[in-house]
Structures are given as structure tokens and as C-alpha cells.
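Enquirer: Line by line, the protein sequences give chains D and S.
No gaps in the numbering here: position 142 of the first sequence is 125 in the numbering used here, and each next residue is one more.
Converting from the second sequence to the numbering used here requires adding 752 to each position, the first position being numbered 1.
No lab work stands behind these hints: they were computed from the structure.
A quick note: this is a predicted structure, and the numbers were derived from the prediction, not measured.
Using N, Cα and C, we set each Cβ at its ideal position, and we do this for glycine too.
Beyond 10 Å from chain D on every Cβ pair, some chain S residues (computed):
{"hint": "1", "residue": "L1028"}
{"hint": "2", "residue": "L1061"}
{"hint": "3", "residue": "G1126"}
Derived DEER-like restraints, expressed as beta-carbon distance ranges:
{"hint": "4", "chain 1": "D", "residue 1": "P117", "chain 2": "S", "residue 2": "R766", "range": "21 to 29 Å"}
{"hint": "5", "chain 1": "S", "residue 1": "A1149", "chain 2": "D", "residue 2": "G(-1)", "range": "23 to 31 Å"}
{"hint": "6", "chain 1": "D", "residue 1": "G(-1)", "chain 2": "S", "residue 2": "V769", "range": "40 to 48 Å"}
{"hint": "7", "chain 1": "D", "residue 1": "G(-1)", "chain 2": "S", "residue 2": "R1153", "range": "17 to 25 Å"}
{"hint": "8", "chain 1": "D", "residue 1": "R120", "chain 2": "S", "residue 2": "T1124", "range": "43 to 51 Å"}
{"hint": "9", "chain 1": "D", "residue 1": "R47", "chain 2": "S", "residue 2": "R1153", "range": "22 to 30 Å"}
{"hint": "10", "chain 1": "D", "residue 1": "T(-9)", "chain 2": "S", "residue 2": "R766", "range": "35 to 43 Å"}
{"hint": "11", "chain 1": "D", "residue 1": "P117", "chain 2": "S", "residue 2": "R1076", "range": "33 to 41 Å"}
{"hint": "12", "chain 1": "D", "residue 1": "S124", "chain 2": "S", "residue 2": "Q1034", "range": "44 to 52 Å"}
{"hint": "13", "chain 1": "S", "residue 1": "M754", "chain 2": "D", "residue 2": "D174", "range": "28 to 36 Å"}
{"hint": "14", "chain 1": "D", "residue 1": "T97", "chain 2": "S", "residue 2": "A1128", "range": "43 to 51 Å"}
{"hint": "15", "chain 1": "S", "residue 1": "R1063", "chain 2": "D", "residue 2": "R120", "range": "25 to 33 Å"}
{"hint": "16", "chain 1": "D", "residue 1": "E15", "chain 2": "S", "residue 2": "A1149", "range": "40 to 48 Å"}
{"hint": "17", "chain 1": "S", "residue 1": "R1063", "chain 2": "D", "residue 2": "R47", "range": "28 to 36 Å"}
Selected chain S positions facing chain D (in silico; Cβ < 7 Å):
{"hint": "18", "residue": "M753"}
{"hint": "19", "residue": "M754"}
{"hint": "20", "residue": "N755"}
{"hint": "21", "residue": "A1071"}
{"hint": "22", "residue": "G1073"}
{"hint": "23", "residue": "A1074"}
{"hint": "24", "residue": "V1156"}
{"hint": "25", "residue": "I1157"}
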Amino acid sequence: MFAIENLTLSYRDGGGRPFTVLELPALELGRESLVVVTGPSGSGKSSLLYALCGLLTPTTGTVRHEAQDIYALSESRRDRWRRATVGLIFQDFHLIPELSPLANVALATRFGGTADRAALAARAQMLLEALQVPTARRHASMLSRGEQQRTAIARALLFDPPAIFADEPTASLDAEASRLVADRLQALARDEGRLVLAVSHDPIVISRADRVLHLERGHLTETLSREEIPA
Amino acid sequence: MMNPLPLVLATLRRNPVTTLTFVALIAVAVALGVAITSQERALKRGSAHAADRFDLVIAAPGSQTDAMLKAVFLRTGSIELLKPEVVARAFAEPHAEIVAPIAFGDSHDGAPIVGSVPAFVTHLSGGALSEGRVFADHEEAVVGYASPLKLGDTFHPTHGDGHDELGGDGDEHGHDHEHGAELTVVGRMAPTGSPWDTAIVVPVELTWELHNLPNGHGKGSEQVGPPYVPSELPGVPALVVKPDSVAAAYGLRNIYRAQDSTAFFPAEVLVELYALLGDMRQLMNVMALATQALVIVAILAGVMVLLRLYRVQFAVLRALGAPRAFIFLTIWSYVALIVAAGALAGLGLGMGLAGTVSAAFTAETGIALDATVGAAELWLIAAIVAIGMAVATVPAALLYRKPVIDALR
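Bound conformation, chain D alone (with noise of 0.2 Å):
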């Protein structure tokens, strides 16, 4: 499904001199698993991630999707395909805290290029009585955060996107909250079928993974594959 090929991330520090975040010659990424990406700070987790949703441009190298180069696509095209691909989950939710959770996960229809919005709006009500989300809370900022983290996630699979995309999506859990994002991430790639690679350190997460990859100084230094990860 994805495909990274001589994938470099490079910046320039506070002196100019040049740093590489990520260095992957290469790695494949396929349906119905989900993927948990660890390692320390700064070892280039979430630029992986940001760089397979195309919102960070590769230094060198090439990031592909079912074939499609996608750092070839103009920059509208890329929005468009993000939004039809890519279902994104972060750490903090980042909901619009005063609007109502279903038009927090309505909110991408407001962006244009969507046909049937009165359809998408039925999807999203589905989505969160799916997820046990309560839709009568006027503002999303009522919520608990459990709560907040299942609209998030609502919003994600809007669009039914075949990636899901997480950055840390238990951080601000608590154990239970915990257990079940988990469990819907573990579903949302067993179940439905989908690409779910999730950034995240919490054992909880690790241990409904299919393959874990970890990270050193922006270098792939391990795989697990289901079997290898510790229960």
C-alpha cells in the first residue's frame, strides 16, 4: 500500500550545518496490520509519519502509494488525496473545542470538493453512536477526553480513508481510555481492513500490534513482527 525508497529527511540546525532526521532505505507498508512505531525523542517517529501523509517533503527519495509517487502530486492534489487516504489521529485531538462533535467530524466537508455532504453528515452521526460518543454535548469541549480522542477518531475515518494515521493517540489517556482507542486501532486494521501506524510508546498499544518498528537517531534499527512482540 505505501512504499518508502531512499527516504532522507534532512534540515539545517541553528548554524546551518545539515542534520538528517530520517534515513530509510526502504519500507513497505501494507493493509489490515497495525503498525506501532517507537524509539526516543528526536529519532524521527513523527516525521515517518508526517512524511507517508505528504505534508513533509522527502531531501531525497520517494514515498508511494498503490504506485503513485505522491510528493509528484501538485499540492491541491495532495490535499485532496490526504483527505481521501489519510484519516489522521493526534495526540492532543486538536478538536474546534466550540463546535459540536458531529460537526467536529463533519468539519472536512466544509473544506469544498465534497459531493454529498448530507451523506458524509449521516456517516459522521453513525460514526460516533459507533464509537458510544455522546452527539447531545453541544460543544466538543464537553467531553471527556476519552470521549474527545473516539470523535477524534470519528473524524478521521470520515471520509473512510484506507490509512489511519496516529500520533500518539493514547498520550493523554488514562488506562481504560487507553484500552479502548486501542482496541478500536487494533479493529479499525483487523476488522475493516486498513492501514493503522500509530506513533506511540504505551504497552497497551504496543501489544495489539501486528509489526512494531523502532527508531534510532532516524534510522530503522528493529522490526517485530507479531509473534516477536513481548505480550
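Guided by the hints, dock chain S onto chain D, whose structure is given.
Expert: Below, chain S without anything else, positioned relative to chain D:
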């Protein structure tokens, strides 16, 4: 189709105090401009209307503005008297339909008592009184439209308002005191929109008699109005003349612009005052515009700071697939809505301010002012909204290209 409105409204709601402060600042700046232009227009219209029936004023040599303020707008203060022989000459003018002496010096309950002739009362009232009749006796009075006195009420005129305009023998200590005469209200004038609405008009003969001056007809005469006996005429502060034609008006003005008198059309004096007022208005307009510009710049700076706090929100929107144009439109709408709301609130506030000032001015001077929204105010609002919308592109242009990742990390 892009629709950032729910997001814009949500963003506006996030910091309601700051948003309302921005709107209020713009509203106050706009209100100043609106109040100045509408008030100035109302003042011109009101004063012109008040002076409408004063075709030609003849007064003693000196300031025409001063004479107009006293004769037309009944402002208190000292004024040189026209010599009796000039008054007599004016009464004999064949091309004057009405020659009305305007004699001050008395008051009742703060309302000025003006001595004049019956024909002028009818003329000032637009041809007919609103109730009652014109005075026909020395002890009768006609009140202005807004006077609290009713038909049949009696009152004693009080000498002076600090000044004795007729040069008579007022209180030797300069104090006001009640005259012995008892006057009865017999008529009420139609509204004039001028200070005459609260005035009391009495036969000029009474005014002269109360001030121990000859009464124009001869001792003991009860006649009211012309003809007068030239040798029995005292000096008066001013004469209002209604000429029988435009040519006569200019002719009389020329005749009485002489060594012992001046003559003027109140309209021309008002035009001079308007010119002065216009200069002041221009200055105030420049100040109001500068204030508006400074407020918009200050608000722009504030909005920039505020929007930087929202940069994560905009980055998230981009990450969720929002095109840059959507971010631009959201930020632009956010600023434009603040400016438009402030401008509209300023229009209302400005009209309220102008109305309050008008009411206070009318209460103080008696000149009816009606400050209304005109094309000038609508143009001002349109210009401010247009400038605001243009200025709104600045933060939108600065922020919509910010890298997404910097804010998301």
C-alpha cells in the same frame, strides 16, 4: 463549496472578550466619524431651517454673526441698538411687506420675552397660529409651540436676563425683577424648529413701555403694531424685514449697509459659519480617519498575535486535507467579520451619539436638529468595511502558508 463560517464563528467565540474588544474599538472609532458628519449636516439643516423666515435683518453696525445669533437664534448678550431714525426710515420702506422690531430685555421662567409686531408672529408661524390668535392688546402674549404656558395663562414678565438690551432703566443694581404688568397668553405659534418655539412674543409697545421708553405711538396709546409715529420710536436691537421681492431684498440690504446700520441675509451669514464649520469638520474628519486607521492597525496587530495562538488549529485543518485557500478564507473571514461588525455597530453607536448630541443641542439652543443616516455615513461605513476586508488579507496571507509540521510537532 468552501464554507468556513462555522469555523470562523467558533474561532470568534473562543476569546469572546478579545473579540468584543476589537469590535468595540472599531465601533467607537467609526462612531466618531459618523457622529461628526451626521451632526454637521443636521446642524446645517436645522440652523438653515430656523433662519428660513428671517429674510433680511437690519442691525446696528458691528458683527453680523452676533446680530444674527441674537435676533434669529435669541442668544443672550449685549447688542448695540439701531438708532430711532433708522428704525423710522425702515418702517417707511415701500418695498417691505413686514418690518418687525425685535426687542429683548425680559423673560419668564427662563423663556425669553421678545417684543415684535403681530404680522411677524403670523409670518414666523407660517401664516397661521397653531391655536388662539395674535396679540391685539398690550397685555397679551403669544407663546412658542413648545412653551409650557397654555392659552389663558397669565404671567408677570421679569426684567432682564442679566442684560438690558433696550438701554432702559432696569434695576440699578443690575438684578432681575418682576415688572408690574400681567400678561395673558392668547395664542400659540406653529412649530418653527428654532429657539422661538420656547419664546414668548409680546407687542413691542409693551416691551418699550416696561423699559420706560416711548411706545411708538404716543403716551397712553393702546395701539399694537404699525404705523408708528417716527418721533415716538425708540432704538431697537434689530429689525426683521420681509421684502416684497428678491430685487427689493437686495435693494434694502444695500441701502441699510450704511454708516449707521448693517443689513444682511441670515442665510449668507450662515454660509460663512458653515465654511468655518466645514474647516473644523474637515480637521475632525481627518482626526477621526486617523483614529480609525490607528485602531485598524492596532487590531490587525492584535489579531496577528491571536491568530498565532490558533496556528495549531490551522495546521490540523491542513493535515485533515483543508486546502490553503480554505485557511486563507477562514482567516480573512475572521478579520473581515470583526471589522464589519465593528463598522455596523459604529454606525448605530454614531447615530446614537449624534442623536444624544442633537437632543442636548436642541435643549440648549432650541434649534431642532435631526441627525439621520445619510449617504456620507453609508459611504464611510462602506469605505471602512472595504479597507477592513483589504487589510484582512494581510494576516491571511501571512499565516496561510505557515508550515504545517512546525505547529503539529
